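2 protein chains.
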Amino acid sequence: MISFEDAFQHVLLHPLHLGDEQVDLLRAPGRILAENITADRDFPPFDRSTKDGIAIRFSAIDKGIDRFKIEGTLSAGMAQQRLISESNCFEIMTGAVLPEGADTIIMYEDTDIENGWATLTKTPDQGQNIHAQGSDETAGAVLLRRGLKINAAAIGVLASVGKTEVVVKKLPSICVISTGNELVEVSETPLPHQIRKSNILSLTAALQRLNIVPARLHLTDDRKIIEMELREAFEQHDVLLLSGGVSKGKFDFIPDVLADLGVEKIFHRVAQRPGKPFWFGVLDSNGVSQKQGLRKRETEIKDGSGQSGTKTSGKTANMQAEKKDIKERGTRPERKTTVFSFPGNPVSTFANYHVYFLPWLSLSLGLESEKLEVIMEKPVRPHPRLTLFLQVETQWREGRIRAKPIQGNGSGDLVSLAKADGFIRVPPGETELPPESSFWFVPCT
Amino acid sequence: MISFEDAFQHVLLHPLHLGDEQVDLLRAPGRILAENITADRDFPPFDRSTKDGIAIRFSAIDKGIDRFKIEGTLSAGMAQQRLISESNCFEIMTGAVLPEGADTIIMYEDTDIENGWATLTKTPDQGQNIHAQGSDETAGAVLLRRGLKINAAAIGVLASVGKTEVVVKKLPSICVISTGNELVEVSETPLPHQIRKSNILSLTAALQRLNIVPARLHLTDDRKIIEMELREAFEQHDVLLLSGGVSKGKFDFIPDVLADLGVEKIFHRVAQRPGKPFWFGVLDSNGVSQKQGLRKRETEIKDGSGQSGTKTSGKTANMQAEKKDIKERGTRPERKTTVFSFPGNPVSTFANYHVYFLPWLSLSLGLESEKLEVIMEKPVRPHPRLTLFLQVETQWREGRIRAKPIQGNGSGDLVSLAKADGFIRVPPGETELPPESSFWFVPCT
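Each protein sequence line maps, in turn, to chains H and P. First residue of the first sequence: 1, per the UniProt record's numbering; consecutive thereafter. First residue of the second sequence: 1, per the UniProt record's numbering; consecutive thereafter.
Keep in mind the hints are simulated off the structure, nothing from the lab. Computed from a predicted model, the values in this text were never measured in an experiment. Even for Gly, the Cβ is constructed at its ideal location relative to N, Cα and C. Careful: at least some of the hints might be erroneous.
[Stated by the list, open to error] Pairs of lysine-lysine, BS3-like flavour, derived with a Cα cap of 30 Å: (1) H:Lys-404 / P:Lys-276; (2) P:Lys-69 / P:Lys-276; (3) P:Lys-371 / H:Lys-419; (4) P:Lys-419 / H:Lys-149; (5) H:Lys-69 / P:Lys-404; (6) H:Lys-69 / P:Lys-419; (7) H:Lys-371 / H:Lys-149.
[Said to hold, decoys possible] Computed Cβ-Cβ distance ranges for the label pairs, DEER-style: (8) H:Gly-127 / P:Lys-371: 23 to 29 Å; (9) P:Arg-67 / H:Asp-222: 46 to 52 Å; (10) H:Glu-109 / P:Met-228: 31 to 37 Å; (11) H:Trp-440 / P:Met-228: 31 to 37 Å; (12) P:Lys-69 / H:Phe-267: 33 to 39 Å.
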């Protein structure tokens, strides 16, 4: 059993790098930008009127002119016109192009307009009410940087430079997997000793918030079936999120099967509550899928290419397999599968997903995880040896985030979880932490 | 021109009540629950083992028995068994049903198991390691209340009681509408005097976060076309979000057309920056659509049913029209359309959407809007007459949300907006507000 800190560090030492993909503009919100976005032209692209009024040449003011003949009306969307004389003006609308030969805009409120003539009622400043070409951004400037999480405003920027498609960080393909003979479908009426699946539905809902639609799989407590199904899941997914089957029970086959499939166990069991039996591992199939790997190994055995003397050709074969694979499945620079095998209790699964998986995903996508903290109003009693994750409700008041615990019935209590805004982390310790202490906060999805 | 406070109150005096609808469980995250969810059985539904170990009858301990013959092994998903004698035990796995006649579970760590016999190495407490039937919730208890925003944990609760479909508050059907001849599609290359649409893409992205996929419409600056297109939009949508065309320009037809279509103007122009020309109104077509309304009015004129003596029959006709309408379009208890007509500058549209539309939507869905506050690190200078909405970046540190302003180029600057975490509201005033003042905060989508 390792400490929470060690477990957390281990998880963060194994990010996946999944490469990039191109998505439609309106599929991009919430995704991570994987290209720099530059201005295709100046912003604004022309000297733009910011008021409804008239456009004049300021030199006229110097010469004492305060009454102008109206040449015409310019609205947004009209090509640039030319002011033919400084004794003339154009009426001009917000968003319209400043006419050539004009340099100042006077809003209607400061003019009297009658019979095709505009008279100023207030002396303007030269250049006023013009949003100058390139004053926001000049052509070629970087508007949005690689690594940005795309928000609604960024969608506007992308639209304005004509990005109908955007290169974003690829999200992992994920399979959420339930285990246990006691589980039946949500649509079924369970027998007295059965319960409906709920964890993988919670996980699916949580992943959907991240724009990930996971595959779902259920494993009965049969070692052969588990092995067969997991082998296939490893071929198809970058991440497996399992729920249940990692305790010390006689039918908790998951750790053994994962070992048999060649998954490297990074750790099993963490000094934490909830979620002590959490198992974490990585299958590194090094550019070849399971089946390809097996076939390749067979070939190596037959023709002896597994010997050290043929290393180069082995590498070439690998690269070819990888190329074929990339062609078939899109860019997938790594053929690693990361396994988060959570204990089956709802609160354990849910807490571990938020505590470990989300920061791991952020790191894999190149995002920095923010360390959030909340202030607990009441004293908190730590556990002498375990790191605790306590469900809390939060309140944002006067610029402070304050939290109070939710009374739950332990790791099986799903209902209390629906009321929680997140978990606080309470490091192990002997002495009670006084009111107003601040704690690391993990918000719930 | 009215104050921000008045404008805000006016908007909140006009919520829409859209009724409920049934959605699939995995479409429910983020939606507002419109039914109480009760436990269909006890939670847990049986006395459930919380450990892997053995199940005994405690009376044996009182009689000095510490060695038990193993009758068999119970795993999760097996029907309840019966312990035939207090000198026997069952091996039992986490999640399994406590056998009849047993009342205490001892984990493997506190036993020695050999040749079909289990010997205790530690004296147990009666009833330990059992998650008692109904101890979380009893059958019939309300687990989730109407009005809850459905999170991932709530999805787990819904799954556990077999809700494959959930009744949620209906979301409004929304049309986002751009105006202006200068706008071209994102996919087009604009001429020098044109720009690409961006506001309605931003709004669409923002609405998608709320599970609303809006219709999109573009209006050129032609009064007849605007009237025709808006008339149709009113028939099809609960909310119109317009961007542009509400200033004092000669081609800003929107307010006039809305008046012609019978939309009640609640206000136009607010003492705020950005977004001064914001226009807000409501079309109350009282259970009949535009066209039906027109036809009905014609009928009333012909047969005189518009007179006071025939009020009842008029009401009945209305109800029939409404019934037909509900049948055709699903439950729509109200036939009101709410119009948010935002100024066309990106920052204005975006700020007004967050400041007015989102609280209005929350209220319409029966949610309480939280009033969030942040602390500004530096002094803030108010405007003597206008309420300001300043773009800020926030930092969550030691339980405090602190903010600093983002330098933008005014209401046309979309790029600075992509960096903002939200807006602070700065009420009008003459004196600078000192550092560490707290402000109402409107987070960006």
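Results of checking the hints against the structure:
1. H:Lys-404 / P:Lys-276: 41 Å, violated
2. P:Lys-69 / P:Lys-276: 83 Å, violated
3. P:Lys-371 / H:Lys-419: 20 Å, holds
4. P:Lys-419 / H:Lys-149: 10 Å, holds
5. H:Lys-69 / P:Lys-404: 48 Å, violated
6. H:Lys-69 / P:Lys-419: Measuring from Cα to Cα gives roughly 45 Å; hence the hint is violated.
7. H:Lys-371 / H:Lys-149: Distance ~17 Å between Lys-371 (chain H) and Lys-149 (chain H) Cα, so the pair holds.
8. H:Gly-127 / P:Lys-371: 23 to 29 Å: 41 Å, violated
9. P:Arg-67 / H:Asp-222: 46 to 52 Å: Given range 46 to 52 Å: violated, Cβ gap about 32 Å.
10. H:Glu-109 / P:Met-228: 31 to 37 Å: Given a distance of about 32 Å, which is inside 31 to 37 Å, the answer is holds.
11. H:Trp-440 / P:Met-228: 31 to 37 Å: 58 Å, violated
12. P:Lys-69 / H:Phe-267: 33 to 39 Å: This hint holds: roughly 37 Å between Cβ atoms.
Hints 1, 2, 5, 6, 8, 9 and 11, counting from the list given before, are not met by this structure.
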